[in-house]
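*Asks:* The primary structure of each chain is shown beneath.
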Amino acid sequence: MKLYGQTSRLIVGIPFCFVLMFSGDLNGHSDATGIVKERMDAMKDMGDANKVIGDMVKRKRPFDAGKIRSLAANIQRHGAQIPELFPDTKDSREGHATEAKPIIWEQWERFESLSNDLKRESEKLSDIAVDGDESAIRKQYVALAKTCRGCHKKYRRPKDD
Amino acid sequence: MLHFHRMRLIVFILTASASILVVAHFAVDLSARSNPLTPGEVRGDIERGAYLIRLAGCVSCHTDVENDGIPLTGGRRIVSAFGTFVSPNITPDEETGIGGWSDEQFLNALTRGLSPDGDHYYPAFPYTSYTQMTVQDVIDLKAYLDSVDPVSQEVSMHDLSFPFNVRGLLSWWKLLFFDAGEYVVDNQQTEAWNRGAYIVHGTGHCGECHSPRKFLGGIGGPTLSGNSNGPDDETVPPLKGKRALDGWTLEDVVFALELGVKPDGDSFSGSMGEVVDDSTAYYSEKDRAVVAEYLLSKEP
Chain A
1 MKLYGQTSRL
11 IVGIPFCFVL
21 MFSGDLNGHS
31 DATGIVKERM
41 DAMKDMGDAN
51 KVIGDMVKRK
61 RPFDAGKIRS
71 LAANIQRHGA
81 QIPELFPDTK
91 DSREGHATEA
101 KPIIWEQWER
111 FESLSNDLKR
121 ESEKLSDIAV
131 DGDESAIRKQ
141 YVALAKTCRG
151 CHKKYRRPKD
161 D
Chain B
1001 MLHFHRMRLI
1011 VFILTASASI
1021 LVVAHFAVDL
1031 SARSNPLTPG
1041 EVRGDIERGA
1051 YLIRLAGCVS
1061 CHTDVENDGI
1071 PLTGGRRIVS
1081 AFGTFVSPNI
1091 TPDEETGIGG
1101 WSDEQFLNAL
1111 TRGLSPDGDH
1121 YYPAFPYTSY
1131 TQMTVQDVID
1141 LKAYLDSVDP
1151 VSQEVSMHDL
1161 SFPFNVRGLL
1171 SWWKLLFFDA
1181 GEYVVDNQQT
1191 EAWNRGAYIV
1201 HGTGHCGECH
1211 SPRKFLGGIG
1221 GPTLSGNSNG
1231 PDDETVPPLK
1241 GKRALDGWTL
1251 EDVVFALELG
1261 VKPDGDSFSG
1271 SMGEVVDDST
1281 AYYSEKDRAV
1291 VAEYLLSKEP
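Chains as they are written, first to last, in the numbering used here: chain A, 1 to 161; chain B, 1001 to 1300.
Chain A on its own, in the form it takes in the complex (with noise of 0.2 Å):
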């Protein structure tokens, strides 16, 4: 005997394959507060900033060296906070979400000079855009990709790259 016809099937199934589809993002960064949430929000402008500046560097889409330096400027605004958006606080270190290794703050000299070599970096992006030169925007976003893989590897829990 059949207890469930076709549709009632659908009429259930499909709104649970929705939150099943959601609720990864609700375990994500929606889920994070407070200091961890400032800080994600500003890693993920960073990172929405990187990947515009990378497609125009892969020619994914038309270079637009004035975008670039704006949006390099941009990284480097959130650069200069990055130690601010770490304090050694029991939320800072153990807030829901977060993907910060607590060796960030053993090793707090060295995640501070990494968030000025982005700074730095970043700043000279943004410089080197002025001119429109592709290659030299070419070569400096690899050393600017450089100093974002560098503090990564080292002090964020990885995700399923």
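Please keep in mind that the hints were generated in silico from the structure rather than gathered at the bench.
A hint or two may mislead.
List time: in silico DSSO-like cross-link candidates among lysine-lysine, alpha-carbon distance up to 27 Å [to be verified]:
hint, chain 1, residue 1, chain 2, residue 2
1, A, K60, B, K1262
2, B, K1262, A, K51
3, A, K58, A, K124
4, A, K146, B, K1262
5, B, K1262, A, K119
Here the structure is a predicted model, which means the values were calculated and not measured.
Let chain A serve as the given structure and place chain B on it in line with the hints.
*Replies:* Below, chain B alone, put in the same frame as chain A:
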């Protein structure tokens, strides 16, 4: 009386089992040591070797970055479920490094997992992948290592739990999990595809982290299908199969290998950041492209 007979039977069975195990162990050990390779007339090229040391990712593991160690002098601690491995010094120092090794000894270390003394290496050293390397590539690598400055640096021993600290048992592990042999070219595929597969499975040893593992540490599922319990407790994503690299273009893969930047603008974290820094960032543009071509192809 019956009790006495039963005891004798038990002792007989135990002795017989132990004898069979001992004989089997020697047979397995002998087979693991059989077919050593010889380099023949192959001569090493230092310049090619300097490139291969990056292509094979030797620098990351053989350098104690955490303590600002000198490159290739070893001492890096690799924590695993079996205990802690410590990478050896591979500079040509006679006492503490690999100075004085013959080409043949080096070849058998890399492709057969055998030390010059005939001991089995733990597969934390990825000879399980390097076995696919050509003799020429291995000997070029040796030529380069012979050319670097020897550094005297003793490293500590591995710190492994029982029974993994019994090195002799590795012959059984090899019997179960180790397929020795050079990469076999697939004639149905292009030269570029084959070069990509050779780098991914051989020199680059991508499968060591990107494949699931069984409880004894052997590859326990399709190669490159990801590992939810990877080194350093990382979740390592799949590189092959239906959902692997979903939405990535060839340019995206090439770009990520050079810069560690994913298509969404995020950077690689953890071990893959290191792999880019110490290895794939040094790949030639052409080698990054063939790796991307191979990874994005439908064929396994």
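*Asks:* Hints broken by the structure, by number, lowest first?
*Replies:* none
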